[in-house]
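Trainee: In order, the protein sequences belong to chains A and B.
The working numbering puts the first residue of the first sequence at 1, with every later residue one more than the last.
The working numbering puts the first residue of the second sequence at 1, with every later residue one more than the last.
None of these hints come from the bench; they were simulated from the model.
Treat the hints with caution; some may be incorrect.
As the list claims (entries may be wrong) - Mimicking EDC-like on lysine to aspartate or glutamate, the simulated pairs with C-alpha atoms at most 20 Å apart in a straight line are:
| no. | chain 1 | residue 1 | chain 2 | residue 2 |
| --- | --- | --- | --- | --- |
| 1 | A | LYS133 | B | ASP259 |
| 2 | A | LYS124 | B | ASP287 |
| 3 | A | LYS124 | B | ASP291 |
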Amino acid sequence: MQRYIVIRLFQAVLALIGVSIIVFTLVRITGSPLDVLAPADATEEDLRRVAALWGFDKPLIEQYFLFVGNALRLDFGPSIKFQGQSAMDLIGNAIPASLQLAGFAMFVSVLMAVPIGVISAVKKGTPIDMIGKVIALLGQSLPPFWLGIVLIWIFSVNLGWLPVSGRGGFTHIILPGIALGWFSVAAFMRLTRSAMLNVLDSEYVKFARIKGAPEWKVIWKHALKNAAIPPLTLFGIIAGIMVTGVVTLETVFAWPGIGQLALTSVRARDYSVVQGLVILISAMFITINLIVDILYAYIDPRVRYGGGRG
Amino acid sequence: MAVATSPAPVARVPGARAAGRVWSFLRRYPVIPVAVLLIVLVIPALFAELIAPHDPIDGNLRARLLPPAWTDGGDWSYPLGSDRQGRDILSRMIYGARTAALVSLAALAVGGTIGSLLGLVAGYFGSWWDHVIMRLVDINLSLPLILLALVLVVLFEPGTATTVAVVALLLWSRYARQVRAEVLTLKEMDFVARARVAGASNLRIVFRHILPNVFNTIIVLATLQVGNVILLEASLSFLGAGIPPPNPAWGVMVAEGRDFIVTSWWLSVIPGLAIMFTVLSMNLLGDWLRDYLDPKLRQL
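The following block holds chain A by itself, in its conformation from the complex (with noise of 0.2 Å):
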């Protein structure tokens, strides 16, 4: 077990050197950054000087080492487009709104996929498995910005039952979260529905059910307790497609988080919160992944020898 968490520990902190030198000659080869900090009419002097602030005018190694070294300490310098605030200030503003959003989604999203999970596998190959399948794969199927829309249009703007955008109350939450949290409904689903139909056929099932036990106690606690297992594997990759989503839903609700902080810094080439916002979300992920991974290892033994889950 400490030999596969060292291993995988090994291999995250090498995912992330990648990730750190993938955003530093990114920005880098695209032109220089002098172009968007210096007016245009600024003299060679000017931007000499500016470089020199900006460390521009040392060896790209030693440039590159700076960079670690000041991302290792959160500081990813100040925002060009936003003068007088720093890179992290703006990202760590943003990024409770976007955790509460995804989170509202998640939870969403897994009180939707469990009972259509578990209904399916208990009714399987029955018209009520196939409704369940429909819902499933229609949220896979809609565009999540465009469901939010068409929701404005339903909710806000003909019944006026919830605010159009922005973040506040309770009531905001709820349309870009239903937007969000459906779109991976179907992943959840379809492993929760597989997960019960292994565990609907185990030995404890049929003892509890000999035992007299009330078939929905057999279902909802026997049966889904243990099938709670393989859909954990799920968090990481909805993680990853969570991020799409609310870059997407941040623009349409006008949601303060990271996905219009990326949009609004791409456009306006301010490089030091992208690079900032890339690899933090990407230092989020690898460690999202490392925690799922040493967890599933510890559930199951299997694992630790075979390198990894395929």
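Position chain B relative to chain A; hints supplied.
Mentor: What follows is chain B alone, placed relative to chain A:
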């Protein structure tokens, strides 16, 4: 499957029996998804010039913001209505189908080929090839690719080629992983050892003996991904980082209509339906193809 193949109970009404046969045929073959795909994607993409009633880019300023024909104030020469610049929604959607088909096919071809080749190399040659390629896959899977895509598209000129490159960048790692995993088991099999004894070179073994055995996987993976690729292209275009306006693309159309949702709902809602039907049918078709070609691939 057992339900579909077992003989129907004696039918009392002749019509019921025919209906039952139609139903079981529909259950066994993906007729509806294929029909939807033909109507929404394939035929418009191939014959856009012949079908589209209007030019997709030049609008008629006297026919601005017309609602769909079946609603009040609609005009049958603009069946699905027109946009702010008097462009026909239907015509733009027809050309949008061509954009979606082109981008997704090209991206899948590029991403699938690169990913499969890397997977073959990693799986067959092993050792440090395997380590390097798999770490690249790890990095690829841990990058927030939508952000990178935004950066890339803003840095390079936005357009079809950039969009294809960005989408391919997002796709290749799935192929590499899956192909590598299969090659790992295949290369231990007898037929590979025999080919080697018979004097086949590594190149010949990989392309002549191993590749045909992973081909099904590659095809199934590609079909299962088309839907996602179309969604991705639409998302990028929606964010202004994919196909640039005024070119017709479904995502661009949804984005353009967004600010008019209060007064002119059809601008966003109708193009989105095209995305939804295409992706849904593609997913159903992919599921069917997977079960048909190789039920072992369930976990894909």
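Trainee: Run through the hints listed earlier and report the numbers of any the structure violates, in increasing order.
Mentor: Hint 1 is the one this structure does not satisfy, whereas the remaining hints hold.
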